[in-house]
Amino acid sequence: MAVDYILRMEGISKSFPGVRALDDVHFDVRAGTVHALMGENGAGKSTLMKILIGIYQPDTGTITLGGERVQISDTATALRLGISMIHQELSPVPEMAVAENIYLGREPRNRLGLIDKKRMTADTRALLGKLDLHINPRWPMKRLSVAQTQMVEIAKAISYDSRLIIMDEPTSAIPDREVDHLHRMITSLRESGVAIIYITHKLDEVFKISDDVTVLRDGKHVTTVPAADLDRQGLVRTMVGRELTQMFPKEEASIGEVAMSVNGLTRRGVIEDITFDLRRGEILGLAGLMGAGRTEVLEAIFGITPLDAGTIEIDGKSRRIRSPGDAIHLGLALLTEDRKRTGIMGVLSVRDNMSVASLPRFSPGGLLQLRRIDKACEAQRKALAIKTPSLHQLIKMLSGGNQQKVLVSRWLLTAPEILMIDEPTRGIDVGAKAEIHRLISQLAGQGKAILMVSSEMPEILGMSDRVLVMCEGRLTGEFSRADATQERIMHAATATAAVA
Amino acid sequence: MTNLRKSARDYVTRDRLGEWLRTYAIVVILLGLIVILAALTGGRFLGGQNLINIVRQVSVIAILAIGMTVVIITTGIDLSVGSIVALSAVVATSLAQAPDATNLMYPGLSLPIFVAIGAGLLVGAAAGFTNGFLIAKFRIAPFIATLGMMTAARGLALIYSDGRPISKLSPEFNFIGQGAILGIPVPIILLVLVAIGARMLLNNTRFGRHVYALGGNEQAARVSGINVSRVKIGIYTFSGLLAGLGGMIVAARIGSGNPQLGTGSELDAITAAVIGGTSFSGGIGTVWGTIIGALIIGSLNTGLDLLNVSPFTQQVVKGVIIVLAIIIDERKNRGA
Chain A
14 MAVDYILRME
24 GISKSFPGVR
34 ALDDVHFDVR
44 AGTVHALMGE
54 NGAGKSTLMK
64 ILIGIYQPDT
74 GTITLGGERV
84 QISDTATALR
94 LGISMIHQEL
104 SPVPEMAVAE
114 NIYLGREPRN
124 RLGLIDKKRM
134 TADTRALLGK
144 LDLHINPRWP
154 MKRLSVAQTQ
164 MVEIAKAISY
174 DSRLIIMDEP
184 TSAIPDREVD
194 HLHRMITSLR
204 ESGVAIIYIT
214 HKLDEVFKIS
224 DDVTVLRDGK
234 HVTTVPAADL
244 DRQGLVRTMV
254 GRELTQMFPK
264 EEASIGEVAM
274 SVNGLTRRGV
284 IEDITFDLRR
294 GEILGLAGLM
304 GAGRTEVLEA
314 IFGITPLDAG
324 TIEIDGKSRR
334 IRSPGDAIHL
344 GLALLTEDRK
354 RTGIMGVLSV
364 RDNMSVASLP
374 RFSPGGLLQL
384 RRIDKACEAQ
394 RKALAIKTPS
404 LHQLIKMLSG
414 GNQQKVLVSR
424 WLLTAPEILM
434 IDEPTRGIDV
444 GAKAEIHRLI
454 SQLAGQGKAI
464 LMVSSEMPEI
474 LGMSDRVLVM
484 CEGRLTGEFS
494 RADATQERIM
504 HAATATAAVA
Chain B
-19 MTNLRKSARD
-9 YVTRDRLGEW
1 LRTYAIVVIL
11 LGLIVILAAL
21 TGGRFLGGQN
31 LINIVRQVSV
41 IAILAIGMTV
51 VIITTGIDLS
61 VGSIVALSAV
71 VATSLAQAPD
81 ATNLMYPGLS
91 LPIFVAIGAG
101 LLVGAAAGFT
111 NGFLIAKFRI
121 APFIATLGMM
131 TAARGLALIY
141 SDGRPISKLS
151 PEFNFIGQGA
161 ILGIPVPIIL
171 LVLVAIGARM
181 LLNNTRFGRH
191 VYALGGNEQA
201 ARVSGINVSR
211 VKIGIYTFSG
221 LLAGLGGMIV
231 AARIGSGNPQ
241 LGTGSELDAI
251 TAAVIGGTSF
261 SGGIGTVWGT
271 IIGALIIGSL
281 NTGLDLLNVS
291 PFTQQVVKGV
301 IIVLAIIIDE
311 RKNRGA
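In order, the protein sequences belong to chains A and B. Position in the first sequence counted from 1, then plus 13, gives you the numbering used here. Heads up: the second sequence at position 329 corresponds to 309 in the numbering used here, and the numbers run straight through without jumps.
Read the hints as simulated data drawn from the structure, not as lab findings. Just so you know, not all the hints are guaranteed correct.
What the hints assert, rightly or not - Restraint ranges, calculated between C-beta atoms of paired labels, are given here:
| no. | chain 1 | residue 1 | chain 2 | residue 2 | range |
| --- | --- | --- | --- | --- | --- |
| 1 | B | Gln295 | A | His39 | 34 to 40 Å |
| 2 | A | Thr324 | B | Ala5 | 52 to 58 Å |
| 3 | B | Gly128 | A | Pro373 | 30 to 36 Å |
| 4 | A | Asp351 | B | Leu102 | 42 to 48 Å |
Every residue gets a Cβ at the ideal spot worked out from N, C-alpha and C, and that includes glycine.
All chains should be built: construct the whole structure from the sequences, respecting the hints.
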């Protein structure tokens, strides 16, 4: 067999306290291909990639790059060997220019030893031009969208002459239009001989852009096959090790009284005249493009940001919500979009993270009833099948899907009547995703009112009883479950000037 | 699956000693230090009243450090505690002078002792509240707000006392610093009470959970319904209150209220908290660790004195130990 492998990882094992993350894993990547690395969260994808870029050292196993045995002792070595990784959570220096970010730490110098800004800017312009990116190299990074930031990171990887680029869920936070651009970029990179390892939870992408697929499960290598030999069902089955009959287990729930009525909600320059009713037992989807103001509506209702105008009625009574504390007291809950920034408290335990919003229930007179808290948390852990060695484990040690379940538990413990959930399954694996969908559906079945923001069209279409669409801070469409289609929603989401 | 679980269990067993050592590294360091100092001083370090003296000497620093720990857990800092010590000391002592003192501040005034003590605590709490209010409502960085208070409170102490020590205190007041109950010095008893109270505050009250939550992730804490401003005001008030108590203990021990008291003790308090494992990145810190941190400083001071190490060299040793503590802490957090 004369297959030309750019990378061979053989017999890789790695353990952490309490977990065997990788167990004798083999992973080969052919030169000039896009190789999708799949698996549920916690399957070992991230660990394997961190070994490849020198963040972790394997306990056993060997790495061969372009036919040569290599030791990758740190990230600098990985870069020198031509391996770059574009992380899921990007970390640019926001105040510095695009060019400065790309050449950070290896700025071109002039004869006096000072940074040669002119050359740096010109080189960056050439680099971005090659990738068909229209970004001014002098702009500060903070001016760019998430997608643009992503593409600048890719440009940076290319500028290191990388022959192997790892992309960790590059499309999890960018709109569809830009996804196409990214995919075109990946295809042209492949044609120029660069191999790409592509980590994603989106199955469509796998079939669209990858040549080979490797699936990991529970730290073990399950299979490596050409993408053409797989179908959706088969891939999901391989990943979770069981058949997933329903990705969106929507139960029929009887829709009842109006639980919350929002009238003319306005925050100048952000959201304009938002009016809708939310009923018990209903899942109301809130769709729209990035930056349409969906998250801002939730934040305004929850008392995080002040309102310029508008009223909120809960169970028919007009209420003023001045802080999240008020909102929780009225039976509202808000599962935020950004798990790391506004969700988890990394250095605190699973228990402390879970109980933090419901402490008033467990502390009459301010004194904590620790045993009751433990009991309630333990019950949540069981009910949501949260994988953690104990409630005392630090939450940052858990996989993304399990962190999300802890955060869902945090809100369930407040016994809410109205749940607002913002991108509830972003960046978590198919298995956990289905579990969270089932849970949302069950909650609606119990008569809770649910307002769900999502950028994933299948999620919106699969879960919602009714869909609201926002564009540039306004409501631009409303569809019943029967009438909602991808085309109609997209049309409303891009209806900028149509409504005025 | 079974395999996975089995290997996980093996790992835990194998790592238990390491885990234990990491958790109790600080205790091991203290015990090691005591053994070394005992050996170097030919047993004198352990002898007689020496150990109890060490605890008495660090009791004020430890009390300040407990307040500092609570503040640092929320990623804050309180630079004003040393100056609050002085302000509380001069105010309390001015109300607790013996009637036959030569330079009575309030001639003819004779108040029950608890009024003086109450005034000292109140002054401390008020200064702390001001810190918290500035930080929470005007969004001033804690470093800056408490730096301002550090300067202003020292000035107030000097103005109030006219720059002179307030001496000849009533024996009841001096009891706080010099007395003993059942042979145990009062400052140590106060330290134990403060430690128990602070531990309960942090571990058994809603307020305590909010302190950790705020340090873990302020934005997430706010979304979770925590009144962040109230918690901040609370912790700085608590720190000020403990500084007020500390000021009275120091004044009572030396028998006079000097406006120069407590100079530099904010740094000792920070040192004790940090050696004790409190993390500047927030969310991590315990009362227990901080007390051990204070004891390590105390043991070093006394031990090095017994060994006739010059005070200049002692400073270098302490500096090295602070940095070492941080390095160990950093590794501990990374390894976890």
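Evaluation of the provided hints:
The hinted range of 34 to 40 Å is not satisfied by Gln295 (chain B) and His39 (chain A), whose Cβ atoms lie roughly 57 Å apart. Between Thr324 (chain A) and Ala5 (chain B) the Cβ separation comes to about 57 Å, which falls inside the hinted range of 52 to 58 Å. Taking the beta carbon of each, Gly128 (chain B) and Pro373 (chain A) are about 35 Å apart, inside 30 to 36 Å as hinted. Taken as a hint, the range 42 to 48 Å holds for the pair Asp351 (chain A) and Leu102 (chain B), whose Cβ atoms sit roughly 43 Å apart.
Going through the hint list in order, the structure does not satisfy hint 1, though it satisfies all others.
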